[in-house]
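Visitor: Residues per chain are reported as follows:
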Amino acid sequence: MLIRFDHSFEGLLSAAAYCYRHRLNPDDLLSCLDPPSLFTSFHVSEEEGITGLFRKHLKSLMPVSDAEAVLDDCRHAWYAECSGMPYKIMEYIRKAIQIRSDPADRLYDPCIAAVNEAAQKVRRQGHHYLGLLRFKQIDKAVFLADFEPDYILLPVVMPHFCDRMSDQAFVIRDLRRGQAGVHLPDGRWDLFDLSENRPSDPARWHLADRSGYGHMYKTKEATDVVTTNQVNETDLLYPQDLSYADLWCRYLDKLAIPERVNTKLQQQNMPRKYWRHLTENPDNSCSQDSQAADKKRASLTGY
Amino acid sequence: MDMMNKLSILGESARYDVSCSSSGSQRTGKGGIGSTSASGICHTWTADGRCVSLLKVLLTNECIYDCAYCANRRSNDISRTRFLPAELAELTIAFYRRNYIEGLFLSSGVWNSPDDTVEQMLETLRLLRHQHRFNGYIHVKAIPGCSELLLEQLGLLADRVSINVEQCTKASLETLAPQKSFQKIFTPMRYLSSRLAENKDELARYRHAPSFSPAGQSTQLIIGASPEPDHLILRAAEKLYQDYQLKRVYYSAYMPVNQDQRLPAISAPPPLLREHRLYQADWLLRFYRFTSRELLDDRQMNLDLEVDPKASWALRHLDQFPVEINKADYNMLLRVPGIGIRSVQKIIAARRYHSISFDDLKTMRIPMKRTAWFITCKGKYGGSYFPSPESLRMLLADKAGFQRQMPTQISLDTLGQSGMDL
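Taken in sequence, the protein lines are chains A and B.
When we follow the working numbering, the leftmost residue of the first sequence carries the number 15, and every step to the right adds one.
When we follow the working numbering, the leftmost residue of the second sequence carries the number 911, and every step to the right adds one.
Hints in this document: simulated from the structure, not taken from any laboratory.
Be aware that a few hints might be false.
As the list claims (entries may be wrong) - PhoX-like cross-link-like pairs, simulated, lysine-lysine; straight-line CA separation at most 25 Å: (1) B:1279 with A:135; (2) A:135 with B:1272; (3) B:1237 with A:102; (4) A:109 with B:1272; (5) B:1279 with A:278; (6) A:154 with B:1272; (7) A:150 with B:1290; (8) B:1290 with B:1279; (9) A:150 with A:287; (10) A:278 with A:268.
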C-alpha cells in the first residue's frame, strides 16, 4: 500500500505520524506531486502543529539536543529533494523513537546513512551560499540577491541574512524554483512564489520551523519586487552599485599572489556552478592569463 | 589618489598576511548591522586558491621599519598611500551589505611610531562599531611595541587581536628585522594572553562584562626566509600554543619579493609544499594529541615532503599497527593515517551498538584507501602483504606532487623547456 502526503515537510511528518499511530508499514511514501501509480494509495492530509507534536514526543524520549538534531536532519534531508527520501525519513524517525537516541550515532545502517548524508549535502551547500550570495542595490533601500541552488535552500539561508542585515529590506530569489524570500526592515520575513501577484496558498509554503518567523505582510513595495521574474539586469542596478562591484573585482585581482596562482584549487573550493551569479565571476576577471600563470607556478614549485 | 587605486595598492600590500578566518566569535545582529558566525564563512576564493572572508587591507603602507622580507619595507621604492579611517569604515560597510565580506582585517605599516599607527586603527574601529553600529567580524593586527592602554581598547572593539612573530629564532629576527625585537613582539602578546584569561573569568562572573577579543589571539611565522629547519619551527609553534594559548599559528611561505643577501634568491621557488606539510603538522599538534618531539627531532629535522606527517609517524612506528577498530582507544584511533576526527567519532559512537566490519566502514563513508593498511576489523587485516616499510611508504607517497617539487633529472630536453639557467 502507498501513502501519499501533501508536498511539504509538515505533510511528510503528518504521514509519518499517521503510520506510527495506526502501526502501518506502507510499501512507499509518495508526495502528492509525484506521478500517479497503479497501486492503491491512501492520502494523508497535513495536520496543524505536527512538527511541534513530534518535537515534544522526541524530547520526552531523548535529550533536547538529540531531539532537535533528529528533526533538523529530517528537514534538511527533505530539502535535498531526492527520490525515495520520504520513506527513508519516516524510517529514520521510527528508528529514533525505537532506540530513544539520535540515529546519527549508528551510521552503519544504510537508511540512516542515506538520510544523514542528504542532510549533510544540504547543510554544506547552504553554508557555501551564506558566503557566495551577492547582493545588488536595486533601490535606495532595497537589496537583491539571486541564486540557483541544487536543493531547497531558502529556508536555510533566510534566517541567517535576516539576523545579519536586520535593518535592511532585501529579497533573495531562488531562480530554479521560482521562489523568493523577502525581508523588511522591521524584522518580518517570509517566502513567496515569484510567478503570482500575491502570496500563494499557505499549504505550499516551506516555512522555517522555529517560532518567531513567518508573519504575513501586505505592503505593496516588497510584493512588486517579488512579482517580476524576468528583469533586465542593468535596469536594476542603482548607480553607485556598479562602482562597489568594480572595487571588489579589482581588489580580488590584486589579492591573488601571482606565484601561487592555482585555478584547479580555486575551482575545487568554489565549483563553477556557483560562478554565474557571483559579482567577481572568475571567467570575467580582468587579471592576467590564469592558465599561463598556473603553468609557471607548477613548473617552479611543483605544487 | 582615488579609492580604486588606494584599494589596489593597500590590498596588494596586505596579501602576504595569510590569516583569513572569520571564526571564533558569535554575535547576533541586534541593534545595528551585521552578525558573526562561530564557524566562520568563506566568501570567495582568489585565483591562488586561498579563501577570502574578510576585507584584508593595510591602513597605510608607509613604514619606518626596514624588515628584509617585507614588500613594504622603507628601502623599497613603491607607491605609498593611506586610508582615512572614515573612508575605510564606509567601504567595509558597503562591501558587508553586499555580502562580499564577513568583516574587516586591518593591518598596517608603521607610520611615525607604533602608538600613532595603532591610534589611527582604533579610530577606524570606533567609527565602525559606534557610528555605523557594525556587529560583524573585525581582526586587527597590533603593531609590535605599542602600549598596553591601546591594546586594551583594541581588544574591546575587535573580535581578534594578533601580532605577527614572523621569525621563530632571535638570531634570524635580528638579521632580517633589526628594528623589531623579541621583547617588542612578545610583551604585547603576553599582555593579550593574560588579559584574555582575565576576561574569561570576568564573563563567567558578571552578566554584563564586555568581551575582550572573543576570538582569541593568533600569529604568523614566515617559512623559508631564514634557514631554520622544520623541527625548530614546529617547536616554536608548540611553545606559542602552550605559553600564550593562541588560537592559531599561521605559516606563510616566503615569496621572493626583495633582492637581498640575507634572503633566498629572487628566482628561488617558494616553499609551498613545505608550508602545506607544516599546516598538516600544526593540525596534528592541536587536534590529534601529537607532540612536536614525536613528529620531528634532531634525527629527523624536516618534515617529509613525500608523505603527510601522520603517515610518516606511522611508518616509523609500524610496531603499533595494525590497530583493531573495535577495541582501540580514542588516542590510538586518531593516529591511524587516513582517519580524521569526525571519522573517529563516528566509529566510537557506532561500535557501542554494533561490531564494525569493513562493509560498515564503507557505509559510514570512512575512506579506506590509506587506512586499510593500518587497521583490522574483527581480526581481519585490511591491507595486503608488503615486503618492507619502504614499499608501504612508496604506496602511500604522493608521488606525483613530490616529483614535481624536486628538480627533474637534468637532460638535454629539460634544459630548454624549464628555462632555468644552470
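Visitor: With reference to the structure, classify each hint as holding or not holding.
Guide: Results for each hint:
{"no.": "1", "hint": "B:1279 with A:135", "verdict": "holds (23 Å)"}
{"no.": "2", "hint": "A:135 with B:1272", "verdict": "holds (18 Å)"}
{"no.": "3", "hint": "B:1237 with A:102", "verdict": "violated (31 Å)"}
{"no.": "4", "hint": "A:109 with B:1272", "verdict": "holds (21 Å)"}
{"no.": "5", "hint": "B:1279 with A:278", "verdict": "holds (23 Å)"}
{"no.": "6", "hint": "A:154 with B:1272", "verdict": "violated (54 Å)"}
{"no.": "7", "hint": "A:150 with B:1290", "verdict": "violated (59 Å)"}
{"no.": "8", "hint": "B:1290 with B:1279", "verdict": "holds (16 Å)"}
{"no.": "9", "hint": "A:150 with A:287", "verdict": "holds (20 Å)"}
{"no.": "10", "hint": "A:278 with A:268", "verdict": "holds (19 Å)"}
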